[in-house]
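S.K.: Chain S is already provided as a structure; the job is to place chain Z on it using the hints.
As you go down the protein sequences, you meet chains S and Z in turn.
Residue numbers for the first sequence follow the working numbering, beginning at 1 and rising by one.
Residue numbers for the second sequence follow the working numbering, beginning at 208 and rising by one.
Hints listed in this document are in silico derivations from the structure and should not be mistaken for laboratory results.
A couple of the hints might just be wrong.
[Claimed, not checked] List time: in silico DSSO-like cross-link candidates among lysine-lysine, alpha-carbon distance up to 30 Å:
(1) LYS306(Z) / LYS98(S)
(2) LYS322(Z) / LYS356(Z)
(3) LYS39(S) / LYS26(S)
(4) LYS456(Z) / LYS440(Z)
(5) LYS427(Z) / LYS306(Z)
(6) LYS273(Z) / LYS306(Z)
(7) LYS456(Z) / LYS98(S)
(8) LYS410(Z) / LYS440(Z)
(9) LYS243(Z) / LYS305(Z)
(10) LYS427(Z) / LYS399(Z)
(11) LYS399(Z) / LYS277(Z)
(12) LYS39(S) / LYS176(S)
(13) LYS102(S) / LYS419(Z)
(14) LYS456(Z) / LYS306(Z)
(15) LYS440(Z) / LYS98(S)
(16) LYS243(Z) / LYS102(S)
(17) LYS440(Z) / LYS176(S)
(18) LYS39(S) / LYS98(S)
(19) LYS322(Z) / LYS176(S)
(20) LYS427(Z) / LYS356(Z)
(21) LYS277(Z) / LYS322(Z)
(22) LYS427(Z) / LYS440(Z)
(23) LYS39(S) / LYS356(Z)
(24) LYS277(Z) / LYS102(S)
(25) LYS38(S) / LYS356(Z)
(26) LYS240(Z) / LYS102(S)
(27) LYS176(S) / LYS7(S)
(28) LYS98(S) / LYS277(Z)
(29) LYS419(Z) / LYS356(Z)
Just so it is clear, the structure is predicted and the values come from calculations on it, not from any experiment.
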Amino acid sequence: MTGETIKGLVSIFLAAILTENYILSKFLGICPFLGVSKKLNTAASMSLAVTLVMVISTAVTWPIYYGVLVPNNLAYLQTIVFILIIAALVQLIEITLKRYMKPLYNALGIYLPLITTNCAVLGVTMLVIDKHTASPESFHFLQAIINAFGSGIGFLVAMVLFAGVRERLETCDIPKSLRGLPITLIAASLVSVSFLGFQGLVEGLLG
Amino acid sequence: MMELLFPVLLVAGIGLVAGLGLAIASAVMAVPKDEKAEAIQEMLPGANCGACGFSGCSGYAAALAKGEAKPGLCSPGGAEVAAEISAFLGLGGVDVEKKVAVVRCSGSEDYAGEKMRYAGIESCAAAVQLAGGPSSCSFGCVGFGDCVKACQYGAVEICSGVAHIDPARCKGCSLCVSACPKQLIALVPFRKQAVVRCSSCDKGAQTNRVCKIGCIGCMKCEKTCEFNAIHVKDFHASVDPAACTGCGKCAEVCPRHVIDLLSV
Chain S
1 MTGETIKGLV
11 SIFLAAILTE
21 NYILSKFLGI
31 CPFLGVSKKL
41 NTAASMSLAV
51 TLVMVISTAV
61 TWPIYYGVLV
71 PNNLAYLQTI
81 VFILIIAALV
91 QLIEITLKRY
101 MKPLYNALGI
111 YLPLITTNCA
121 VLGVTMLVID
131 KHTASPESFH
141 FLQAIINAFG
151 SGIGFLVAMV
161 LFAGVRERLE
171 TCDIPKSLRG
181 LPITLIAASL
191 VSVSFLGFQG
201 LVEGLLG
Chain Z
208 MMELLFPVLL
218 VAGIGLVAGL
228 GLAIASAVMA
238 VPKDEKAEAI
248 QEMLPGANCG
258 ACGFSGCSGY
268 AAALAKGEAK
278 PGLCSPGGAE
288 VAAEISAFLG
298 LGGVDVEKKV
308 AVVRCSGSED
318 YAGEKMRYAG
328 IESCAAAVQL
338 AGGPSSCSFG
348 CVGFGDCVKA
358 CQYGAVEICS
368 GVAHIDPARC
378 KGCSLCVSAC
388 PKQLIALVPF
398 RKQAVVRCSS
408 CDKGAQTNRV
418 CKIGCIGCMK
428 CEKTCEFNAI
438 HVKDFHASVD
448 PAACTGCGKC
458 AEVCPRHVID
468 LLSV
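The following block holds chain S by itself, in its conformation from the complex (with noise of 0.2 Å):
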């Protein structure tokens, strides 16, 4: 692996945490963002599992694109075909869990099979395709997994950090009329506005 190759893959994995960012620059995942925020324990719990069924799921999904979809001329059928894998793989990634790794399972808890249907996992799966389309010599599988891992890492980050916000929101004397899903759209729309500050970062800083 060329040092090149590992620049780009740095690149690609600080890109997706911090500039395309699936919460707070791509509004995907929304749900999950503004649902199980509220404690630390809880976000970080579901950003584990969104990051384990992002990589797992782009591991899987870009062969059957490449290897089945491109060759038939159905790419059409990507969306469709790409739910169906995404939702039998998370059921099986949890039974492997539960059946191997029971703590885990146990830590994930009830947040896995939420993640069959999360936006933010088909959307890694489905953007990831768009860039090798954009540039088809520079991303390939590895900078895909890459990819997705650090997608998976950026709605970490987004999670945890709301999280903290939120918690400090429940001690704050708010306005009656801003209480409860008001404040938190607006402490979230803070957050991301402070996230578009890392625009041309990563270029700036690996050139």
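M.R.: Structure of chain Z alone, referenced to chain S:
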């Protein structure tokens, strides 16, 4: 025709493979289930309140099935659930009495004052950090409702600055007991008995200064009681639930009207 049929067959095929794969996987990697624990979990109320000391109903059921815990720890389920579980496990009868929580303070705004105006976080636990809370009585209810938030059954409410518990709704899970930073809430057996609505450990004169209804430790109730069930200790009366018959004589003689009978 073929170009229509092929995509349908392909998607159906992927679905079939995935379905079969899952079916095989779930058969191969089936986890042996503890049927005993599952049956016990069915009997438990499913409130997951944690009153038994386990992580939830499933945790308690697992411990019961292994014989590591005794039936009867579940207070929301009470005697019925305890009897059902002990019968299922083949143990002897377990005597469990329904318990309810009572607030041992009645120093509402009409009786007790404020020693300062508190404008911080609206939580009892936070308020008591600041010079013991805003209430003039250092043993009294803070009134920000940590107990209300802890209760899963809507049995607690704050009326003019003091918590009240509805015995009919209370399941005796003791979550409010641990939520109260002043330790004012206690579990008592659910039957007719006297309850002293004050926990002030101040001397009578000091209690009188800060609260018009607080127990001053005059001993009248102790002298009146025929069953040796009420005693003045730490400058306030407390009832021994085991001895109290609920005759109500102490409540009649109390000059401060701080004793009342638990409504059953």
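S.K.: Against which earlier hints does the structure fall short, listed by number upward?
M.R.: Result: hints 1, 7, 13, 15, 17, 20, 21, 27 break, sorted rising.
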